[in-house]
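Chains as they are written, first to last, in UniProt numbering: chain A, 1 to 470; chain B, 1 to 470; chain C, 1 to 470; chain D, 1 to 470.
Be careful, since some hints might not be right.
Just so you know, same-sequence chains aren't split out, so a pair can sit in one copy or run between any two.
To be verified - Using 20 Å as the maximum straight-line C-alpha spacing, the simulated EDC-like pairs for lysine to aspartate or glutamate come out as follows:
hint : residue 1 : residue 2
1    : K465      : D221
2    : K419      : E60
3    : K419      : E146
4    : K373      : E65
5    : K180      : D327
Everything labelled a hint here was simulated from the structure, so no lab data went into it.
4 protein chains.
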Amino acid sequence: YGHCSLVLAHDRQEVKLTRNAAGRSSDDEVSPREKQQTNSKGSSNFCVKNIKQAEFGRREIEIAEQDMSALISLRKRAQGEKPLAGAKIVGCTHITAQTAVLIETLCALGAQCRWSACNIYSTQNEVAAALAEAGVAVFAWKGESEDDFWWCIDRCVNMDGWQANMILDDGGDLTHWVYKKYPNVFKKIRGIVEESVTGVHRLYQLSKAGKLCVPAMNVNDSVTKQKFDNLYCCRESILDGLKRTTDVMFGGKQVVVCGYGEVGKGCCAALKALGAIVNITEIDPICALQACMDGFRVVKLNEVIRQVDVVITCTGNKNVVTREHLDRMKNSCIVCNMGHSNTEIDVTSLRTPELTWERVRSQVDHVIWPDGKRVVLLAEGRLLNLSCSTVPTFVLSITATTQALALIELYNAPEGRYKQDVYLLPKKMDEYVASLHLPSFDAHLTELTDDQAKYLGLNKNGPFKPNYYR
Amino acid sequence: YGHCSLVLAHDRQEVKLTRNAAGRSSDDEVSPREKQQTNSKGSSNFCVKNIKQAEFGRREIEIAEQDMSALISLRKRAQGEKPLAGAKIVGCTHITAQTAVLIETLCALGAQCRWSACNIYSTQNEVAAALAEAGVAVFAWKGESEDDFWWCIDRCVNMDGWQANMILDDGGDLTHWVYKKYPNVFKKIRGIVEESVTGVHRLYQLSKAGKLCVPAMNVNDSVTKQKFDNLYCCRESILDGLKRTTDVMFGGKQVVVCGYGEVGKGCCAALKALGAIVNITEIDPICALQACMDGFRVVKLNEVIRQVDVVITCTGNKNVVTREHLDRMKNSCIVCNMGHSNTEIDVTSLRTPELTWERVRSQVDHVIWPDGKRVVLLAEGRLLNLSCSTVPTFVLSITATTQALALIELYNAPEGRYKQDVYLLPKKMDEYVASLHLPSFDAHLTELTDDQAKYLGLNKNGPFKPNYYR
Amino acid sequence: YGHCSLVLAHDRQEVKLTRNAAGRSSDDEVSPREKQQTNSKGSSNFCVKNIKQAEFGRREIEIAEQDMSALISLRKRAQGEKPLAGAKIVGCTHITAQTAVLIETLCALGAQCRWSACNIYSTQNEVAAALAEAGVAVFAWKGESEDDFWWCIDRCVNMDGWQANMILDDGGDLTHWVYKKYPNVFKKIRGIVEESVTGVHRLYQLSKAGKLCVPAMNVNDSVTKQKFDNLYCCRESILDGLKRTTDVMFGGKQVVVCGYGEVGKGCCAALKALGAIVNITEIDPICALQACMDGFRVVKLNEVIRQVDVVITCTGNKNVVTREHLDRMKNSCIVCNMGHSNTEIDVTSLRTPELTWERVRSQVDHVIWPDGKRVVLLAEGRLLNLSCSTVPTFVLSITATTQALALIELYNAPEGRYKQDVYLLPKKMDEYVASLHLPSFDAHLTELTDDQAKYLGLNKNGPFKPNYYR
Amino acid sequence: YGHCSLVLAHDRQEVKLTRNAAGRSSDDEVSPREKQQTNSKGSSNFCVKNIKQAEFGRREIEIAEQDMSALISLRKRAQGEKPLAGAKIVGCTHITAQTAVLIETLCALGAQCRWSACNIYSTQNEVAAALAEAGVAVFAWKGESEDDFWWCIDRCVNMDGWQANMILDDGGDLTHWVYKKYPNVFKKIRGIVEESVTGVHRLYQLSKAGKLCVPAMNVNDSVTKQKFDNLYCCRESILDGLKRTTDVMFGGKQVVVCGYGEVGKGCCAALKALGAIVNITEIDPICALQACMDGFRVVKLNEVIRQVDVVITCTGNKNVVTREHLDRMKNSCIVCNMGHSNTEIDVTSLRTPELTWERVRSQVDHVIWPDGKRVVLLAEGRLLNLSCSTVPTFVLSITATTQALALIELYNAPEGRYKQDVYLLPKKMDEYVASLHLPSFDAHLTELTDDQAKYLGLNKNGPFKPNYYR
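Looking at chain A on its own, in the form it has when it is part of the complex (with noise of 0.2 Å):
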């Protein structure tokens, strides 16, 4: 789910995924790292927040395995040749059931998995314990304080006797830590997966500077993680976020939206879909065109923001909605952003003192201008699908299955295959992705004849898409 981990990265201090928002208070006072706490089995190897919530945290993982039937799936057919035997796997991920069930897949293919979080809010601590109790050597819980975030990691790459020959990173502190501790692990690394926009953009930096010492995987520009991710995830979860925070009717709504690539295209589809009269504002003089053709009035934000409802940000960039607009805007407008950047929003600009804050509900604000006019802020300008909806288990499944997919094949390619430097992970195996999720919708694909793979020139069983293809 590609713009999370960016934020996640980023804000590492605020994000609160909703699900854990839902309030499992924490227990006691005592950290994690002072119990003393042992599995069914006997093992202390991991540190958790209570490995007594176990049986609950499997029950989580269970529920996740029913939308991720693709991962399930891959273990059945790779369950005979197990091809991660061998695979020392190190992983900092965030840890919730759906990662839980990559994570066990990983095991089920042969792998030994050390698991920490990418995230110190992320962590669904149910999870966690349960995967601790099924023998994974997992360190991390909700609310770790910093150091604690690098212990957890330590502990991981740092242990007697076992020495990793995988990474799977999200963000790239991992990769970073490794870099900066323990440097002779690459010596034995086969490869790096990294799924976010940050730690990919940081393997490209080592990569042009030399320093990449091992190959890498960049599973965020795969073909199904970008066609999928955005364009669908943000049409199932705009009006879910909208609707928790503000049970705002959509029927008849004016909004404006900011931005008009696949993000803008899902929020779109489902606004106007529900009766909402939606404007757009675009930069890219082709986005504006498909706008159009879509029935999308193009405009600027000037010219609708005093009459307009709602306001979503999905640009990428920064200060999109500033004080201005936020001055003009009618009162109980709503304003959120859907977005991979923080700053969409010029939300410091409203921390000033003529403006009153008033928190109505978790994640909503209403700021008070002087005269009474009252602007709805959502989640403080962080994203709303993250902060105040759920992404959908099957969408989170792609990715997984992508990270699986791409673990094999640096684990098992032939020497001189990958290089020191980024790849995408080759069509065929997009397609391969694509393919173990069709059965969740009971679809059926066709198969070429002879004849007409030879009159495409294609290979019957793909890949059937160009390379450049994104």
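Following the hints, put chains B, C and D in place on chain A, whose structure we already have.
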């Protein structure tokens, strides 16, 4: 909000409105009836949970006012003349931020009000406190006992030196109580305004039996209510209810909706728009033909039950989803009810020893078959949108405005205009209700020219619809 | 097809149905009245353009039959009993492939038929020939004179040794003729079935005046017709009418639709779906509020007239688009009428010396202002879908089936069931009409269980709707 | 308009564009080559059907100009500098109102043009006459023989005292002729602009073989063309093509669309929006997964072939619909092709003795099985929208503007910028093309602030997309 009322009347023991369910927990264990409370002006003419919550309740009322501008505008237009001056209204409705806006509008128009709750669970305690603080004689709290319930109603009706001349009822319990205990009160009553299906049904029965001794207005069947509540309200809330409970992804889901009346049409429109594949079951060939023309397959439930991901009932019928259907559903199938009967899904049939119930979240049960198959049952088969999502304030505003106008009409009607019978609001008033809601959308009505009005045989100010229009 | 009839009645001199307009040119100049023609069985009991075209007409009828399976199925179900045995029906309708299927169904059910055209331009000559060849006494051709028109009607009614006992009329001209010339015929007539708005209006006037001497069925206002014709028929034909005349691209077009009744709703749904940005004008607050909830801006025509690309009237009113509006439209603006009055657009105001008219295609005029601005006027302001597109046969099938059932009902009704008044078809028959059309969609109705029927207080076989439902 | 060109190149003997097909009949039988014609200025430097039709053609050009305001605006912006001054362009394209607007734009920018038709049937004679009257050396008429075709091309290239320095080609025939007959001409040629799939393919082959001796611009693969042509053009034309040929009702129709690329996506969006139930077949798992998420069932053709009402191919593949499929279709099933190959439907397999073909309308054949079953085949399996509907002028404008800009770029490029290779237009020019089309929608682009541009690492004036974007 049509189908709510009936259900609330039916399952007084069960319904929990979401907003309240958020769990502002019971502060103490003393019954409000035993507390001595005084508002800031020294009055004790009320009985609520905790008068100190008034400020918080006031804010909720103010938020609601923003989406109920029709009532606010009614206050302004009718303020000079005070059309309810002298009216003494005894009311029994849900006590929420939205009904508070109605009650305070009635007061602003000149009425004196005494109020109780029509449901033992639906009272927002803070709102009741705010009403009490503002001087309304309100007797209601969340979690009343059956005895409390009737005590509160009695306190409204039975007061020395004050006798009601109007009744506003939702469900018919207040009306019933007056009939039973204080029949003499009807000598002064100018009329009853009733909102719910159940209450209206009771009134028609009284009328048939020749026992209705005052005029009554049936608000439930007013055009504005019928044309807006079911269709739009369900279109707004079906996605919300499903997401909040299950986080289900809509894209590509196979859904079957039982019933293609207004409720079904609203659900189907929203689900199709978000990428679900929707099938319909219908008993009525006219609705079935509409479903066909709208692009849905019309099937028998048995034909699709094995393959669907979600089952939604919208029929008003009973046992639409039977144990046999439930037995044949696939693993993880979600089952919920948007109709108005608690018995659309035969939930009782699931309470058998061989099935295990597991409560996984609030309002979400997994019913587990011996072979491990889980069916996800929402709100135990009660109304999904009432139980698990919110209803747009704007839609409630339409009904509330109609109630206010019905009270004004009955209170001011010249002797003899209304007999001892049940009436629908005159079409022109329906149109007035609608017109009061247009400014929210910045909608501009066109006015007929004299020439056009003559051509059409209509008055320039309406009514525009024939009386039989609904 | 409701609004057709009225228009056809009004502009007998003008309407040209598209199919005919394709221009199968007039073979010769001899009036059919002066020709001697015999069909292959030796009969001369008809008067058509050219009996030799029968084969081509038969094929058109066969094509129509494929979308009128309800009538075919009615033939089959009722064949044994011949419910129209003994019926002598005199009819006056459009004579097209679709009405031919109706006429031949009536014959198959036992009736004898004599038929004339209700419009001097709408007859498909080939179809008339096919009917004549099949033995129907048909008197009609395309391009009749006024005198021909009444001559044909007279030939149907006035025949030695044959006296009609049923009337099927569309527009009321046949009924009028019988009233005027052969009032005694009514002694044998068991009933009149009338389809058009105009004809029904005349019948109600007769009834009011106490001059209606037989029962009459108002087919125009039957539920199936009202619920399907306007909404779905316009949804199907608005895009078609615009494309065939102007090849306009819909994506991103600014459109204003005047009137948001069923016709307007159908047009707006289709245009929005194809990417147009649609504004609405309305006089009725209830329809205006629906437009808002459906995501359309409600404006006054003046507010948007300068910027829109397309103006569509759907009001039933007159002078909705005035010369003043036309003066303010931008260059290339397209103007057309989907309502039922020819006067919705004030076309007369455009016939002034300073404006130049240029016919650019069939049914398309450019009206050119002195400054060179062109307004694109379609069908000279007459009904677009009647003039420039086709009406789906399936929709016509619904009306035709209703006509057939109305004839059967009136013909077989026991003495006294129907008085000398205008009736609507019983709800149950409406539902039967609908059910006959479901197999086309392979739609499967659900049947109530005994228990459910009892719970709902309904008969298992319907009717399911209350009588006031429309 | 991408897939057109290929087909036109393939079936020079067959294609008839609808507009022309309207049948402005061949005035006489004398070949234009043998006529002596002079325009009103006395020039005979052209060869067209009938110079007297110029006025009518001029009107068609003027109508087209209204939807091609990007070219008109290009004329205005570039008029002072005349960026094509000195350019001598030899062109070979369809000769229609739309290409006429392009040709006259090139002239207005300073170029001299000589023009022939790339297809023997697609020339609009009136338009050719109007061009000739305006002084363009045009050699083209509708219904050329193969010999005429090459004669016309030759007349353009081979003229004493005039030598082309630019080529604009559509299909590669002109380029091929110059290579074959006048290779020396390439010494003066600064570049080739090619629009069609076929032509571009030939250029890449030349380039591979080292035989391309001048720079060439591949307009076919420009972003604006790819992103707009297929998706939007097919969304606009699928309904139109089906209605004009069959008058089919869309509501409730069961449709299968083979292929969910851009063409399929456009078709499906329109059909679903109008109430059809759409199934998809796909060979590519990524497109299949998109179809699922968009709410379509993904099936094998065999699974649904017996029940569907309409089959549409959009694959680019061959024999997608086989005789076996055709044998299993139900009566009245409509079959048509929106892809780019004539062989998607195996029409050849239908030309067997046991099947009867019946031409029921222009472009519509009934193929009749021995048991009476009819399959409705449109355009004999050729491209439906090219054969039976029109293409929006606005979409053609995008391509035409790109062609004009490509010519300007190549003609003015400094020595050495372009080698003897095939190029795509720089991204910035794509964006310029898009921006020229925004005023048609009254769309207002937002401009980046300096600060934002810096933050994003972009130039304020674009390009905004990475080069690999397509």
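Hints versus structure:
no.	hint	verdict
1	K465 to D221	both (15 Å within a copy, 15 Å between copies)
2	K419 to E60	neither (39 Å within a copy, 61 Å between copies)
3	K419 to E146	neither (34 Å within a copy, 56 Å between copies)
4	K373 to E65	between (47 Å within a copy, 14 Å between copies)
5	K180 to D327	neither (47 Å within a copy, 58 Å between copies)
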